[in-house]
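Colleague: Sequence:
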Amino acid sequence: MPYLTKEKISNVFAQYGGAATNTGSTEGQIALITERINSISAHLQQNKKDFSTHRGLMQMVGKRKRLLTYLSKHNLQGYRALIEKLGIRK
549 MPYLTKEKIS NVFAQYGGAA TNTGSTEGQI ALITERINSI SAHLQQNKKD
599 FSTHRGLMQM VGKRKRLLTY LSKHNLQGYR ALIEKLGIRK
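In this note's numbering, the protein residues as written are 549 to 638.
What the hints contain is simulated information worked out from the structure, not anything from laboratory work. A portion of the hints provided could be inaccurate.
To be verified - Derived pair list, reagent style SDA-like, types lysine to any residue, alpha-carbon separation capped at 25 Å: (1) K621 <-> T553; (2) K597 <-> K633; (3) K633 <-> L605; (4) K597 <-> S587; (5) K613 <-> S558; (6) K556 <-> L615; (7) K613 <-> A629; (8) K556 <-> K597; (9) K613 <-> K633; (10) K633 <-> R614; (11) K621 <-> S573; (12) K611 <-> I631; (13) K554 <-> T569; (14) K597 <-> L615; (15) K621 <-> S600; (16) K554 <-> L624; (17) K554 <-> K621; (18) K554 <-> K597.
Unchecked claim - Per label pair, the in silico range of CB-to-CB distance: (19) K597 <-> T553: 38 to 44 Å; (20) N570 <-> N595: 31 to 37 Å; (21) K554 <-> M608: 15 to 21 Å; (22) N586 <-> R628: 16 to 22 Å; (23) N595 <-> Q625: 26 to 32 Å; (24) A629 <-> Q594: 30 to 36 Å; (25) H591 <-> H622: 19 to 25 Å; (26) A568 <-> S600: 27 to 33 Å; (27) K633 <-> D598: 25 to 31 Å.
What you are looking at is a predicted structure, and each value in this text was computed from that prediction instead of being measured. Each residue gets a CB set at the ideal place from its N, CA and C atoms; glycine is no exception.
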C-alpha cells in the first residue's frame, strides 16, 4: 500500500498550496516532500542498512533545500510561515 495516497496528496496541497489542484505551488511541493521525508525517515529508523533508500532521502532533502531557498528569495513571509507550520529549522 502506498504511503501517500491521492487523497493525502490532495489534502497536503489544499492545506499548504491554496487549492488541491494547485500542485505547482512551491509551498505545496515543499510540504509534500516533507511528508515523504518524514515517512522515509521512519522507515530508515527500522532498516538501518537500506542504503539505497538513504540515498533517495538525501536527494529529497537537497530538493527541499533548493525549493526553500527559492521560496525565501521570492516570498520571505511565506517562507517563514511555511517553516513554522511544518516545524522545519528549529
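Colleague: Does each hint fit the structure? Answer for all of them.
Modeller: Structure-based check of each hint:
1. K621 <-> T553: Violated, at about 31 Å.
2. K597 <-> K633: violated, 32 Å
3. K633 <-> L605: Cα-Cα ~21 Å, so holds.
4. K597 <-> S587: Holds, because 16 Å separates the two Cα atoms, which is no more than 25 Å.
5. K613 <-> S558: holds, 22 Å
6. K556 <-> L615: At roughly 21 Å apart (the allowed maximum being 25 Å), L615 and K556 satisfy the hint.
7. K613 <-> A629: Answer holds: K613 to A629 is near 16 Å, not above 25 Å.
8. K556 <-> K597: violated, 29 Å
9. K613 <-> K633: holds, 16 Å
10. K633 <-> R614: This hinted pair holds, its Cα atoms lying about 18 Å apart.
11. K621 <-> S573: holds, 15 Å
12. K611 <-> I631: holds, 15 Å
13. K554 <-> T569: Roughly 12 Å between the alpha carbons, so the hint for K554 and T569 holds.
14. K597 <-> L615: Violated, because 29 Å separates the two Cα atoms, which is more than 25 Å.
15. K621 <-> S600: violated, 32 Å
16. K554 <-> L624: Not OK: K554 and L624 at ~30 Å, beyond 25 Å, violated.
17. K554 <-> K621: With Cα atoms ~30 Å apart, K554 and K621 exceed 25 Å; violated.
18. K554 <-> K597: violated, 30 Å
19. K597 <-> T553: 38 to 44 Å: violated, 28 Å
20. N570 <-> N595: 31 to 37 Å: holds, 34 Å
21. K554 <-> M608: 15 to 21 Å: Roughly 20 Å apart at Cβ, these two residues keep to the hinted range, so it holds.
22. N586 <-> R628: 16 to 22 Å: holds, 21 Å
23. N595 <-> Q625: 26 to 32 Å: For Q625 against N595, whose Cβ atoms are near 39 Å apart, the range 26 to 32 Å is violated.
24. A629 <-> Q594: 30 to 36 Å: At 33 Å between Cβs, range holds.
25. H591 <-> H622: 19 to 25 Å: Violated, since H591 and H622 (Cβ atoms, about 33 Å apart) do not stay within the stated range.
26. A568 <-> S600: 27 to 33 Å: holds, 32 Å
27. K633 <-> D598: 25 to 31 Å: holds, 29 Å
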